[in-house]
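Visitor: With chain A fixed as given, assemble chain B onto it according to the hints.
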Amino acid sequence: MMKPVATTRSAAGISTGMLAVWWLLASEIVIFGGLLASYIMHRLAHPEWAEYASHTNTWIGTLNTFVLLSSSLSAVLAHHAAEKGDGKKAAKYLLVTIGGALTFLVVKSIEWSIEIHHGYTITANGFWAFYYVAAGIHASHVIVGAIVMGWVAWYANQNRELQRVEMVGVYWHFVDIVWIFLFPLLYIAK
Amino acid sequence: MSDHAHSHGGSEGHEGHGEEHAHHGPEHYVRIWVILLVLLAISVLGPMLEIQVITLVTAFGIAVVKAFLVCKYFMHLDVQPKYVLYFLTVALAFMLLFFFAVAPDVMNHEGQNWTNVAAQEHIARALAEQGHGAAGEAGDFDAAGVFATTCGPCHGAGGAGDGAAAAALNPRPANFTDPAFWADSSRTHEHILTVIRDGGPAAGRSPLMAAFGAQFDEAQLEALARFVESLNPNAQ
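Going down the list, the sequences are from chains A and B.
Just so we're aligned, residue 1 is where the first sequence starts under the working numbering, counting upward by one.
Just so we're aligned, residue 1 is where the second sequence starts under the working numbering, counting upward by one.
For reference, chain A alone in the conformation it holds in the complex:
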């Protein structure tokens, strides 16, 4: 069977697929970075936002940070198992990571339901607009990550395409890092 170029060719010191993931992350830095930079500018220039921000729930945010940090651990353990050539174990760890992603999304939707119920909607004011857009774009990355991990786990379970475990893992750690910055910006600085 022909293997895709992305997994077989290595013109740049790392596989082309891995290189593509790094490029993807570079573009993500600009997307999330621009969004967060805009948020910080407005947050600093609008003293009234402090009051709006005080209504976010620090404990729910902390819980979700814990979930994502832990899912990063299982992602790197999947990578470790894949390096050892143990596809079955890698698939298992990926499933744990997907479980983390789903937990994160469930917590997030409960959190949002409560907030929307209290009238903190995306149109309430500038702070809540940023809150939903930033966390929403992040959550869409969590969803995409979970889907791709499911697909990679399916192959890994048959000991195929194990190099993809690291690729999806690196993407997942990035999603984790974005949240590491969103957390203090949206939940802690009050």
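Simulated from the structure, these hints should not be mistaken for laboratory data.
Hints are all accurate, no fakes.
Each computed SDA-like pair below joins lysine to any residue, with the alpha-carbon atoms no more than 25 Å apart:
#, chain 1, residue 1, chain 2, residue 2
1, A, K84, B, L69
2, A, K190, B, F99
3, A, K89, B, K72
4, B, K72, A, G34
5, B, K72, B, I32
6, B, K72, A, L24
Guide: Coordinates of chain B only, in the frame set by chain A:
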């Protein structure tokens, strides 16, 4: 290339590193995870002291440390070919360029030749709604001073209709020091008070004249109206 999920680019200076990395076992990753959780706890507890410096350090300083740990030990960024780090840094630099190029405009609501009246008003109104606006005791309320700062951007500090933003407004704010303005008999004390408290539309004027009822209490509104009326040259 082998199916080996990890490949160490040929960056010479990092051979030792790569070796060391290859020996990392699961315990090593668990240890990093525990450190991350301890940092998380600190970043939540630190700001509870409500000391600003500690909040900044624990919330944002720790975020940077956590991101570094994840990059180095989970993403293995340090054993990738050097250029990966370079182009990620370039992306980061573009983000900072964006911030520092735009921030001076976005974060200042006043410059040498311009005033962002809409933003200033928005902030004043929002703060007033939250109950810590300019409202104080009417006794030590400085109507002329408040007029100069709050109304001045449009009306001019002296009420002559020559504020920094006046030229951009249509209709332009009137010149309160012009007797012709007061010659209009509809401009009673009640009318002036209503305009200031409830905004232009409440008294058949333009919505560009905002309502200040949320920002000042009744006595202060009264003082502002009296001040505006005192600008009438024929008032004395």
